[in-house]
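Trainee: Chains as they are written, first to last, in the UniProt record's numbering: chain Z, 1 to 178; chain W, 1 to 297.
The reader is advised that the hints may include incorrect statements.
[Unchecked claim] A few chain Z residues that face chain W, going by a derived Cβ cut-off under 7 angstroms, partial list only: (1) Val169; (2) Ala172; (3) Glu174.
Think of the hints as simulated: they come from the structure by calculation, not from any bench. Don't be surprised by glycine CBs; every beta carbon is placed ideally from N, CA and C.
Given next are the chains, with one letter for each unit.
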Amino acid sequence: MHDVEATVARVLEGVLGAQRGEPAWRRDAKGGMSGWYRLGNPEEIPMVARALAGLEARLSMVSAYLVPSPQNAIGREIAYHFDLDGSTLTLTLELPLEGARVPSLTQVYRNADWQEREFRELYDIEVLGHPNPGRLFVDRSLEPALFERLIPYSTFINGANGERLWREVQAAQEEVAP
Amino acid sequence: MHTCKVPPLPKLRLYRINTGSCNGCDVELAATEAITRFGLDRLGLSFTADPTQADLVLITGPLTVSSREKVLAEYAEVPDPKITVLIGVCPISGGAFRDSYAVVAPLDEFVPVDLNIPGCPPRPQAIVAGIAKAVQLWRGGEHPPVSPGPEEGSLTENLRGRMRYRAEACVGCRICQHVCAGGAIRFDEEEAGLGFTLWHNSCLFCGMCSHYCPTGALAPTREWDLAHRQAEKYRQVEKGVVPRIPCSACGVPMLPVVPELMKKGYRALSAETARLQTLCSECRQVRSLEGVKRCTT
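Based on the provided sequences and hints, a complete structural model is requested.
Mentor: Here you go:
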């Protein structure tokens with residue numbers, strides 16, 4: 001077994017217990033390792049983060065997102081991406097659509113400060129124990145959870161425009177048609 | 001001796017309103033005004049900074065939530081009768097900003113519009129041609145067209161202009177709809193086949209549809225004069241239908257496999273590959289597997 005796999009397995013077992021299993025690891029064409037692991041509840045993330053900080057892991061990014069279905073979001077998740085000397089480990093945390101709460105990692109990783117403030121502005125997620133819970137970039141006049149109310153630009157530019165004007169176009173074609 | 005002189009027509013005065021545009025159309029409008037070879041001065045016009053003195057109103061940009069009140073107040077200062085001209089797809093349909101929380105489009109829901117000059121932005125030549133039509137409208141259509149037309153060599157080589165669609169080359173992959181930044185392309189299942197519609201009043205002339213089309217079914221035409229009366233707004237479309245044909249083996253209706261795609265897949269057409277063109281995907285797999293069996297036995 002590769003060193004990083006064994007080290008992470010030992011740390012997770014120490015924090016969460018042996019019965020929880022190990023991350024799924026992949027190796028890319030250049031030998032880079034990436035591990036994927038799903039956490040059980042929000043309380044586990046600070047415990048695991050502290051243990052990974054003990055391994056000198058770096059928190060490289062935190063991504064919050066809605067889990068889509070064809071019609072509506074069916075849940076939400078946060079992916080915490082760690083770097084362990086060139087290998088990546090992603091810890092995914094499932095959260096409910098209503099009343100999502102997650103403990104802050106800013107006391108463990110200072111760079112979590114901006115990332116947590118960002119996702120609490122964009123999504124309906126409460127961050128517990130954040131030392132600096134002010135707005136990061138969205139104007140104070142706007143309510144939080146913007147991405148759950150407004151159209152993300154990435155969706156917008158894929159032609160996800162409303163139907164109203166298209167109905168006018170179709171009606172005009174029907175007038176022209178004999 | 002008595003000489004009878006016909007008095008010259010009074011100069012029409014143009015007033016510009018920017019509702020919150022990216023300034024692309026405003027740059028083109030400034031170029032239209034400043035560069036004499038585009039011929040705006042030959043139309044007998046002058047710009048005014050006083051809305052109460054204006055006859056024609058030129059509006060650029062999508063009407064934003066923040067600017068709405070001021071824009072409408074300024075527009076109301078222009079005395080009636082007046083001709084209102086929308087420049088660029090933003091005021092006409094909202095363009096790339098349609099359905100944004102910050103935009104209240106289209107503008108014709110708030111002010112009466114006479115003429116639209118689509119584009120993103122329209123070229124100076126298109127703006128001049130559109131304003132010429134507006135002048136004609138103002139003068140009751142009694143005068144002959146006053147468009148000076150573009151001078152030779154005044155159009156750039158990389159001008160794209162209106163897109164043209166060829167249904168006979170389309171495979172219905174819908175990549176054009178996916179990459180269209182303005183949401184200007186739609187596919188609809190119709191009785192006759194797969195219907196394609198491109199609405200020029202939302203098209204940004206970006207050329208992404210043509211760039212990504214694997215079979216060249218969409219191509220730029222360099223046609224730049226798309227100015228039209230407001231009544232024609234929703235009729236400015238490029239349309240086509242890809243008819244479904246029955247699979248020659250199982251009879252299931254299918255989109256035809258066009259020669260452009262076959263050339264990409266097989267480089268050169270042969271009698272064998274030509275037979276595959278009339279088969280649906282499942283029958284094509286069966287036929288291909290039979291070929292493999294023949295080769296291995």
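Trainee: Each hint: holds or not?
Mentor: Tested hints:
At about 5 angstroms, the closest approach between the beta carbon of Val169 of chain Z and any beta carbon in chain W falls short of 7 angstroms, and the interface hint on this residue holds. With 7 angstroms as the threshold, the beta carbon of Ala172 of chain Z comes within range of chain W, its nearest partner Cβ sitting at about 4 angstroms, so the hint holds. Taken as an interface hint, Glu174 of chain Z does not check out: its beta carbon lies about 11 angstroms from the nearest beta carbon of chain W, beyond 7 angstroms.
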